[in-house]
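K.L.:
Sequence:
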Amino acid sequence: MKKSINHIFGKLGFLIIVSLAILSSCKDSELETISTGTPVIKKVYLLDTIARHKDSTFVSSIPDDKLLVINGENLGGIIKVYFNDYEASFNTNYNTNTNLIIRLPKEAPTEATMATVPNKIRIVTSHGEVTYDFTLLPPPPNIYWIDNENALPGTTITLNGANFLLVQKVVFPGNIEVTDFKATKEGDKIEVKVPANLTLAGPIQVVTKFGEAKTVAPFNLNSGTAVFANFDDKQWADWMWNIFVKNSTTDYPGARGSYAYFEKNTVTKAGDNAWWNADGRALWLTTDLRNPLFNKDSLSNRVEQYSLKFEMYVKQPWASGSFLIKANGKNYAARFEPWRAAGKAYSTTGWVTQTIALTEFRTADGTGTSASSISDIVGADGNNGGAEFVFFFDNTTPKNSDIDKIAIAVDNLRIVRTTRK
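So that you can map any letter, position 413 of the sequence shown is 413 in this note's numbering, and since no number is skipped, the others follow by simple counting.
Bear in mind the hints are in silico, worked out from the structure with no lab data behind them.
Be a bit skeptical, because a hint or two may be false.
[Claimed, not checked] Once the Cα atoms are required to be at most 27 Å apart in a straight line, the calculated BS3-like pairs of lysine-lysine come out as:
1) LYS209 to LYS80
2) LYS264 to LYS315
3) LYS106 to LYS193
4) LYS405 to LYS264
5) LYS315 to LYS326
Can you make the complete structure from the sequences, with help from the hints?
P.N.:
Here it is in structure tokens:
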């Protein structure tokens, strides 16, 4: 921590020194006469690299609010600055005859947002103006999440993210390229059909004119080591309690084979967590956990990098209670309450992928200390300590809400890596 704080203060101190170096004449700026010669821009570089500015000079950038130094001659008395005809704000105190410190506005247009862009910086001063060739590049795409990571072939899925601009193709596992898709004008969503010939699991890739992005978690992952229950070839080793499995394309359409479902009328009163008293409220899985979910080398990876994922279909609006998911002999638990984040009763119109970071697994029934390692959750041997994963419907939150009915299905329970950092 001390090292991090020293690093932060070191960076701040460096920026202060940089600013003072550029504006060394600020103290006497009131006495400085604004030069009246023709304004000239010589170069543009980042504020925090002034010590190496000869090497850091550049003529293109992503508009991302970074601080720039525009260097030249006769630049005093600046009135307006434009990036691709977008007027940028600046502080006149950071303007001398030779430099201007300015923030590159993220709102400035690029080729992706405007059909024709000049790719120029234009500065208007009290005694003339100057233009400078400077290309604003759209940022590369970024995939945040996919609504259904186990959608059936032919199903339309939605990729949610940023900078889906001038998209060229979406690449599915197995290097299956799809060029028939629909991207929003805002660049935050792509709708695309799952290819009919998709058989492999792996990342989805979005390729634009300006870069590419890949998901970290695999798409179409419904079997293999990371999956500990799919209710087809991987379900429970010996037994489970109070839950049902079916393979119906009408009750919960779009399912991939069999799935588990929680269905109960007159479920529970507020504050009731006696899940063992009624069928349809609890799922106990010893699912393949005699075989490790993680090899011992992977157990040393950071717990923040991994998540529990599963597909869920919520037919009946859900506004109270939680799925209490217990692991490693019930030492750690996560409380899954999507209605709380939504701020209203939660339901879905189909199967939706849910993601619970492993750091959300805590002691004290999900309310205590967060797991600090992967082995906290899956055990020292990577097999959940030889114990079962337990999913059960608990109605202790909030305590003043009765539940008359639940109708929820789950499938493809897996633990996968979800971040690269």
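K.L.:
Which of the listed hints are broken here?
P.N.:
Structure breaks hints 1, 3.
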